[in-house]
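Chains as they are written, first to last, in full-length UniProt numbering: chain A, 1 to 434; chain B, 1 to 290.
These are calculated hints, taken from the structure and not from any lab test.
Values in this document were obtained by computation on a predicted structure and should not be read as measured data.
One or more hints might be untrue.
Claimed, not checked - Below 25 Å or equal to it, Euclidean Cα-Cα: the simulated BS3-like pairs (lysine-lysine) are: (1) A:K112 x B:K145; (2) A:K73 x B:K145; (3) A:K338 x A:K161; (4) A:K260 x A:K191; (5) A:K352 x A:K338; (6) A:K242 x A:K187; (7) B:K145 x A:K328.
Unchecked claim - One side only, chain A facing chain B, incomplete, derived with CB under 7 Å: (8) A88; (9) A91; (10) A92; (11) S268; (12) I272; (13) K411; (14) T413.
C-beta atoms are modelled at their ideal positions from N, C-alpha and C, and glycine is treated no differently.
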Amino acid sequence: MHRKYTRNILWIVPMVILLLMTACTPRSDSSEQRADGKVEIDFWTFWGSETRRPIIEKIISDFNASQDRIIVKHTYLPFGDIWTKNLAAVAAGNPADVIINDYANVNLRASKNQNTNLTPYLQKDNIEANFYPELWKNVLYNNEAYALPFNTDTRMLYYNKTAFKEAGLDPNHPPQTWAELEEYAQKLDKKSGDTYQQVGFYPLWGDFGIDSWLINGDNGQGYFDDNNQTTINTPGKVDTLKWLLSWQDRLGRQTVDAMKAEFGNGQSDAFISGKVAMYIQTGTYNTQLEEFGKDLDFGVAPIPERESGSGHWSSGGGFVVEIPRGAKHPAEAWEFMKYLTGVEAQKYWAIKNFDNVANMEAAQDPEANQNPVYKASVENLESTKLFPIPLSAPDYKNLINPHMDAVLLGKETPEQALAAAQQDIQNLMAQNTK
Amino acid sequence: MGRVQPYISPQIHHKKRLSPRQIIIFIILALGSVLFLLPLWWMIATSLKSMQEIAQYPPTFIPQEFHLDNYIRTWAAAPFTQYTLNTLLLSFFAVTGNVIVNAFVAYGFARIRFRGKKIWFSILLATMMIPGFVTLIPQYVMFSKLHLVGTYYPLIIPQFLGSAFYIFMLRQFYLSIPRELSEAAKIDGASHFYTWLRVIIPLSKPALATIAILSFNGAWNDFLGPLLYVNDESLYTLQIGLQSFRGSVQTQWNYLMAGSVLVLLPVIVLFFIFQRYFIEGMNLTAGTKG
Numbered sequence: 001m002h003r004k005y006t007r008n009i010l011w012i013v014p015m016v017i018l019l020l021m022t023a024c025t026p027r028s029d030s031s032e033q034r035a036d037g038k039v040e041i042d043f044w045t046f047w048g049s050e051t052r053r054p055i056i057e058k059i060i061s062d063f064n065a066s067q068d069r070i071i072v073k074h075t076y077l078p079f080g081d082i083w084t085k086n087l088a089a090v091a092a093g094n095p096a097d098v099i100i101n102d103y104a105n106v107n108l109r110a111s112k113n114q115n116t117n118l119t120p121y122l123q124k125d126n127i128e129a130n131f132y133p134e135l136w137k138n139v140l141y142n143n144e145a146y147a148l149p150f151n152t153d154t155r156m157l158y159y160n161k162t163a164f165k166e167a168g169l170d171p172n173h174p175p176q177t178w179a180e181l182e183e184y185a186q187k188l189d190k191k192s193g194d195t196y197q198q199v200g201f202y203p204l205w206g207d208f209g210i211d212s213w214l215i216n217g218d219n220g221q222g223y224f225d226d227n228n229q230t231t232i233n234t235p236g237k238v239d240t241l242k243w244l245l246s247w248q249d250r251l252g253r254q255t256v257d258a259m260k261a262e263f264g265n266g267q268s269d270a271f272i273s274g275k276v277a278m279y280i281q282t283g284t285y286n287t288q289l290e291e292f293g294k295d296l297d298f299g300v301a302p303i304p305e306r307e308s309g310s311g312h313w314s315s316g317g318g319f320v321v322e323i324p325r326g327a328k329h330p331a332e333a334w335e336f337m338k339y340l341t342g343v344e345a346q347k348y349w350a351i352k353n354f355d356n357v358a359n360m361e362a363a364q365d366p367e368a369n370q371n372p373v374y375k376a377s378v379e380n381l382e383s384t385k386l387f388p389i390p391l392s393a394p395d396y397k398n399l400i401n402p403h404m405d406a407v408l409l410g411k412e413t414p415e416q417a418l419a420a421a422q423q424d425i426q427n428l429m430a431q432n433t434k
Numbered sequence: 001m002g003r004v005q006p007y008i009s010p011q012i013h014h015k016k017r018l019s020p021r022q023i024i025i026f027i028i029l030a031l032g033s034v035l036f037l038l039p040l041w042w043m044i045a046t047s048l049k050s051m052q053e054i055a056q057y058p059p060t061f062i063p064q065e066f067h068l069d070n071y072i073r074t075w076a077a078a079p080f081t082q083y084t085l086n087t088l089l090l091s092f093f094a095v096t097g098n099v100i101v102n103a104f105v106a107y108g109f110a111r112i113r114f115r116g117k118k119i120w121f122s123i124l125l126a127t128m129m130i131p132g133f134v135t136l137i138p139q140y141v142m143f144s145k146l147h148l149v150g151t152y153y154p155l156i157i158p159q160f161l162g163s164a165f166y167i168f169m170l171r172q173f174y175l176s177i178p179r180e181l182s183e184a185a186k187i188d189g190a191s192h193f194y195t196w197l198r199v200i201i202p203l204s205k206p207a208l209a210t211i212a213i214l215s216f217n218g219a220w221n222d223f224l225g226p227l228l229y230v231n232d233e234s235l236y237t238l239q240i241g242l243q244s245f246r247g248s249v250q251t252q253w254n255y256l257m258a259g260s261v262l263v264l265l266p267v268i269v270l271f272f273i274f275q276r277y278f279i280e281g282m283n284l285t286a287g288t289k290g
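This is chain A alone, in the form it adopts within the complex (with noise of 0.2 Å):
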């Protein structure tokens, strides 16, 4: 009895080795030569929808019938997670040979050897010049490049056309300053009793939020300056912040947050289902509307200035592609990234996508611009600002957002807020730099 069960458990392990070792045979290393001599290189991005997947590989595979060196090997990780692989495999040393990462913190992934420095293939070919200079400002690190800016967005006021007509407004003049942007707002609200059937306009719905708003009202400064001084504290800002009070005073603090509560969740959307008359989104949010709003008649245009000639200022976003440190083979990565936003590659991109793209020249193709909309959008990347992070101030935003919100509850007033962030931001870079 005794012996036979233990020749029984026994027998389970070596089984259970056999199923690993068949399981998974370990993956050919891809710094290996190929058999055809080609150079194999690893591409990571996040474009795994069925949009999206399709039009990035169609470039991958053109670019691979384009030359006989190399060969793009695309993967696909998730959105965000992609990140942390990618920081897992630079500190392994194994990392993709070419990724898509984010403007933002170019800079930052620069200073802790993430990504690679350019300089020595832009000697070469000097391609700077193809690329919106507000882009390729945020893709510099001590003046050099560590990456190439690719796509970008642009943020715009839509606008419903029949609520402007039942409103009596001329649905072919939207807004161009905030004076007529709220006296267009209070003709398109509609109201029973204490409730809204519809909200004419609220800054904070949408895609702009209040660093936007502060861009916008402050001539087109972002809470620093291009020597990474602070401009925080700003009679501009303190005036945006007043002016977007006021809008919460109009609405009521309680609508203000039962819409946010009700379209919070990213699933339902207050434009297309009519709750607000004008809204502030992306160029993409088109491709939305047309496959979920069909019946919507809508326009778009640059956000409203704060006054007549203090600028449209818009916010933008998007992502570059870069080097990770380490990867095997920069070279063949450099090959494949000055093709990925060349003209040829962007455009495509663009028309498949109506994204906006990082090349000046595929931007303004004739043939993705026949789209209104797709067209605003690219008028409005002149006017559209990044968020630039400081290196000493990496993680600004968890300073400045609590007194946002405080000015939002009525706890701080404007003026208070903004000193406050301004003296909080500016120890925090006094720390950092010491």
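Please arrange chain B on chain A, whose structure you already have, making use of the hints.
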């Protein structure tokens, strides 16, 4: 059953007349269940809607049109059959590894006297205090140096190296099994191994079932592990596959939810099958009731 009858409280015999207290408890429990089931319903309802309907306001509680084709399209949108097989394989090793190894190690801590036992046990417990994120990158670097990144080994090998929590849980369970049973076996000349296999294991079925369920669930839902260690898309698991419906710009809620329902099904089925053991096993003082 008959043997138990005398202990049944008289209340249960008069089932028809519920006391007001029971009615209130019943109502509270019913409301609680509805509350817990609501997100599940929302997931199922969303999985059957069109994207147009999802974007609508007010949101519909019951889909206006039932789009069962969402499920088919979800399955076709990514190689989900492959992902399911991959996930099943990993779950299989997680269950086998965790059940065998932890049951074995726990026996040592529960029944064998050896020098430094308390210290070893404290060290073992201390490993539970280290947050996973701290060891994430060092562990990755280690597997990378072993040239195992890109394979399933980093996901399978640790399952055979014991888990502090499971060992602790099983040790507590073993301790509640009367010592007389193993001592009797010892007197009859049984080795530790034989005692473990023939006396302890049969009495620990509820605890082992619990560990099987927990480790299956852990491996089935593991996202970060496969994400980090697997590079080839043909080795991806369901959890990574699901993320492909979540874009930087837009999320395909109906597909994401349909996929989530499909991925959740085996877990629910498994739970219902082993429910009895599961609840018994979590009760660390359950002892020899089974």
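Quick rundown of the hints versus the structure:
no.: 1; hint: A:K112 x B:K145; result: holds, 22 Å
no.: 2; hint: A:K73 x B:K145; result: holds, 23 Å
no.: 3; hint: A:K338 x A:K161; result: violated, 42 Å
no.: 4; hint: A:K260 x A:K191; result: holds, 18 Å
no.: 5; hint: A:K352 x A:K338; result: holds, 20 Å
no.: 6; hint: A:K242 x A:K187; result: holds, 22 Å
no.: 7; hint: B:K145 x A:K328; result: holds, 16 Å
no.: 8; hint: A88; result: holds, 4 Å
no.: 9; hint: A91; result: holds, 5 Å
no.: 10; hint: A92; result: holds, 4 Å
no.: 11; hint: S268; result: holds, 4 Å
no.: 12; hint: I272; result: holds, 5 Å
no.: 13; hint: K411; result: violated, 31 Å
no.: 14; hint: T413; result: violated, 35 Å
In terms of the numbered hints stated before, the structure departs from hints 3, 13, 14, listed from lowest to highest.
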